[in-house]
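Trainee: Listed here are the chains, written in short residue letters.
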Amino acid sequence: MVRMTNTYVLAGTEDPDEILRQTPYGVYVAQLGGGQVNTATGDFVFGMTEAYLIEDGEITEPLRDANLIGNGPEVLRNIDVVGNDFAMGHPGTCGKQGQGVPVGDGQPTLRVTAMTVGGTAR
Amino acid sequence: MSQTIGGAGQDNLLDLATAVAGWARDGEQVEAYVARGRDTEITVFGGEVESLSSAESAGIGIRVVAGSRQGFAYAGSLDPDVVAETLEEARDNAGFASEDSFVGLASPDGVEVASLDLWRDDLASYPTEVKVARALDLERAVRAADPRIRQVESSDWGDAAVESAVATSTGIRAESRRTACYLSAFAVAGEGAETQTGGGYSVGRSPSDLDLDKAASDAVERATRMLGAVKPRSDRLTVVFEPRITATLLAILSGTLDGEAVLKGRSLFADRIGEQVSVAGFTLVDDPTDPEAYAAAHYDAEGLATRRNVLIEGGVLQRFLYNTYAARRAGTVSTASAVRAGFKSAPGTGARAVSVVPGDRSPEEIFQQVGDGLLVQSVSGVHSGVNPVSGDFSVGAEGVLIKGGEMAGPVREFTIASTIQRMLTGVVAVGNDLERLPSSASGVTLAIADISMSGE
Numbered sequence: 584m585v586r587m588t589n590t591y592v593l594a595g596t597e598d599p600d601e602i603l604r605q606t607p608y609g610v611y612v613a614q615l616g617g618g619q620v621n622t623a624t625g626d627f628v629f630g631m632t633e634a635y636l637i638e639d640g641e642i643t644e645p646l647r648d649a650n651l652i653g654n655g656p657e658v659l660r661n662i663d664v665v666g667n668d669f670a671m672g673h674p675g676t677c678g679k680q681g682q683g684v685p686v687g688d689g690q691p692t693l694r695v696t697a698m699t700v701g702g703t704a705r
Numbered sequence: 022m023s024q025t026i027g028g029a030g031q032d033n034l035l036d037l038a039t040a041v042a043g044w045a046r047d048g049e050q051v052e053a054y055v056a057r058g059r060d061t062e063i064t065v066f067g068g069e070v071e072s073l074s075s076a077e078s079a080g081i082g083i084r085v086v087a088g089s090r091q092g093f094a095y096a097g098s099l100d101p102d103v104v105a106e107t108l109e110e111a112r113d114n115a116g117f118a119s120e121d122s123f124v125g126l127a128s129p130d131g132v133e134v135a136s137l138d139l140w141r142d143d144l145a146s147y148p149t150e151v152k153v154a155r156a157l158d159l160e161r162a163v164r165a166a167d168p169r170i171r172q173v174e175s176s177d178w179g180d181a182a183v184e185s186a187v188a189t190s191t192g193i194r195a196e197s198r199r200t201a202c203y204l205s206a207f208a209v210a211g212e213g214a215e216t217q218t219g220g221g222y223s224v225g226r227s228p229s230d231l232d233l234d235k236a237a238s239d240a241v242e243r244a245t246r247m248l249g250a251v252k253p254r255s256d257r258l259t260v261v262f263e264p265r266i267t268a269t270l271l272a273i274l275s276g277t278l279d280g281e282a283v284l285k286g287r288s289l290f291a292d293r294i295g296e297q298v299s300v301a302g303f304t305l306v307d308d309p310t311d312p313e314a315y316a317a318a319h320y321d322a323e324g325l326a327t328r329r330n331v332l333i334e335g336g337v338l339q340r341f342l343y344n345t346y347a348a349r350r351a352g353t354v355s356t357a358s359a360v361r362a363g364f365k366s367a368p369g370t371g372a373r374a375v376s377v378v379p380g381d382r383s384p385e386e387i388f389q390q391v392g393d394g395l396l397v398q399s400v401s402g403v404h405s406g407v408n409p410v411s412g413d414f415s416v417g418a419e420g421v422l423i424k425g426g427e428m429a430g431p432v433r434e435f436t437i438a439s440t441i442q443r444m445l446t447g448v449v450a451v452g453n454d455l456e457r458l459p460s461s462a463s464g465v466t467l468a469i470a471d472i473s474m475s476g477e
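Protein chains in written order, with my numbering: chain A, 584 to 705; chain B, 22 to 477.
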């Protein structure tokens, strides 16, 4: 079966603090939870286990029980800034048709210009 | 010892279980759960078999309760020496367990066993090549139904035939067998650069129960009607859930009514028995004695006769689901809701056949009643998006907007959000279209008011 091993996005040049300062309104995602992807259409949904509101370039309040929804190829096109703070994340296990393999992934701070955030408030 | 088992005959599961239970020593309780099954899973793609697995398994899970300690061990074999060793291991494991005054096996509780016929010889003897042929037929039927179907992502056949028996030194004697099978397809429709998907399935006990044309047309209709879908504007509106999505919601809801979750303080319904948690037209039952339910069963995993448990009646919370252990801890009696994932696991608690008592309206009448709203045909991210402790609910969804009581444009890439508590009190219509799924829940069309839709 074809499987991934270590998948990562290479670092860019921007200072992550500067990326935050230049974001007037958005969501800062510190940790994603479980999710689901429709591999035929690329549509995905991910729960955010740790996320905050960004207002006028600053992190303000935490967001609870919200999720992100989007389309993989579209989100890749909507990345407008790439940070210089590359790091690998925690390793995990990826399952496919009953086969689990150890996988890793990593990325720098990335900003996506538009994505839908689901929840009940605001 | 091994001669005793040999004499009982390995072909009779109940005899074997009874023999093992008979080996209980003084001051000890012994339970033997014996299962033998065969299951087949076939996936075809592009006119060829992509994967085929057919597995036969047989094994025994033994629980020993010695004083206030419980031990469990299992083996994937019914060989007499292995069975004797497994009992010794369970005994040994009990010695390591923490003391817990609530451990104990089920005892006969006088509930009569439902008269159910859940076994079909024609499935047990159905040739593998015919199963493959039916999966291929389904793939062809989906492709041929509409020129906009670009491919069939997968077309599957699955079946299982399981025999099991439970016996205990406390007097339980239970034996049953069941067959089940399904066909399912996932269609990919396209126009230009756009791709949409939709699924269809059919379930039954015998191959002759399966409706291939319905599985194909459901998949084709759901994929093609999504073509041209846009991201909707954010709104608060009434959402109509298709039966299969309602079943997903009911499975989550039944998890919150699990007596084990209640005891651990992980249920949002703890201390709410007798309270109005939903509308008068909403009655929720877990009824494994319903022969049409996919997971219908004569006995629970501890050998108690299954029964119809009313969880919510007329909107009022009635009871939680318990196995013997959870019931003893809660100071009540088992609802015969012990479940196991085969012989390899000791019994937990769970629903088998949860369903809403159907209402009197067709889906079309519900659309008319709702007027303007949203029909949801698929949800995603349920496991991460629903918090069964707080009740917070936020999932990705796809569907069709309803305008003036009719289906209008398809919509995608949005989330719907509420809480389980608000959704229960927001039920505005219960459909008459009970649909069986290959799951522990059945569904009806269900309309719920005041749900947040986050899109554009």
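Treat the hints as calculated values from the structure; they're not laboratory data.
Keep in mind it's a predicted model, so treat the numbers as computed, not measured.
Each hint should be verified, as a subset may be incorrect.
To be verified - Taking lysine-lysine pairs in the DSS-like style, the calculated list, with each CA pair at most 30 Å apart, reads:
| no. | chain 1 | residue 1 | chain 2 | residue 2 |
| --- | --- | --- | --- | --- |
| 1 | B | Lys-252 | B | Lys-365 |
| 2 | B | Lys-424 | B | Lys-235 |
| 3 | B | Lys-285 | B | Lys-235 |
| 4 | A | Lys-679 | B | Lys-424 |
| 5 | B | Lys-252 | B | Lys-235 |
| 6 | A | Lys-679 | B | Lys-235 |
What the hints assert, rightly or not - Beyond 10 Å from chain B on every Cβ pair, some chain A residues (computed):
| no. | residue |
| --- | --- |
| 7 | Tyr-611 |
| 8 | Asp-626 |
| 9 | Val-628 |
| 10 | Gly-640 |
| 11 | Ile-652 |
| 12 | Asn-654 |
| 13 | Met-671 |
| 14 | Gly-672 |
| 15 | Thr-676 |
| 16 | Val-684 |
| 17 | Gln-690 |
| 18 | Thr-696 |
| 19 | Thr-699 |
| 20 | Gly-702 |
To be verified - Chain A residues, not near chain B, derived (Cβ > 12 Å throughout):
| no. | residue |
| --- | --- |
| 21 | Val-620 |
| 22 | Cys-677 |
| 23 | Asp-688 |
| 24 | Pro-691 |
Backbone N, C-alpha and C define an ideal beta-carbon position, used for all residues, glycine too.
Trainee: None of the hints should be skipped; say for each whether it holds.
Mentor: Comparing the hints with the structure gives:
1. Lys-252/B with Lys-365/B: Not satisfied, since the Cα-Cα distance of roughly 46 Å exceeds 30 Å.
2. Lys-424/B with Lys-235/B: Within the cut-off at roughly 27 Å; holds.
3. Lys-285/B with Lys-235/B: The hint is violated at about 43 Å.
4. Lys-679/A with Lys-424/B: Violated: Lys-679/A and Lys-424/B sit about 40 Å apart, past 30 Å.
5. Lys-252/B with Lys-235/B: Measuring from Cα to Cα gives roughly 29 Å; hence the hint holds.
6. Lys-679/A with Lys-235/B: 28 Å, holds
7. Tyr-611: 18 Å, holds
8. Asp-626: Answer for Asp-626/A: violated, closest chain B Cβ roughly 6 Å.
9. Val-628: The claim is violated: Val-628/A sits with its nearest Cβ about 3 Å from chain B, within 10 Å.
10. Gly-640: Label holds. Min Cβ-Cβ 24 Å, cutoff 10 Å.
11. Ile-652: Non-interface label on Ile-652/A violated, nearest chain B Cβ at 5 Å vs cutoff 10 Å.
12. Asn-654: 6 Å, violated
13. Met-671: 22 Å, holds
14. Gly-672: Its Cβ never comes within 10 Å of chain B, the nearest being 16 Å, so this holds.
15. Thr-676: At roughly 15 Å from the nearest Cβ of chain B, Thr-676/A sits farther out than 10 Å, so the non-interface label holds.
16. Val-684: Val-684/A is indeed farther than 10 Å from all Cβ atoms of chain B, at 17 Å.
17. Gln-690: Given a closest Cβ separation of 20 Å, the condition holds.
18. Thr-696: 14 Å, holds
19. Thr-699: 6 Å, violated
20. Gly-702: Nearest chain B Cβ is 5 Å from Gly-702/A, so the label is violated.
21. Val-620: 8 Å, violated
22. Cys-677: 15 Å, holds
23. Asp-688: Consistent with the label, Asp-688/A stays out of reach of chain B, its closest Cβ about 17 Å off (over 12 Å).
24. Pro-691: Pro-691/A clear of chain B: closest Cβ-Cβ about 24 Å, beyond 12 Å.
Checked against the numbered hints above, the structure violates hints 1, 3, 4, 8, 9, 11, 12, 19, 20 and 21; every other hint is satisfied.
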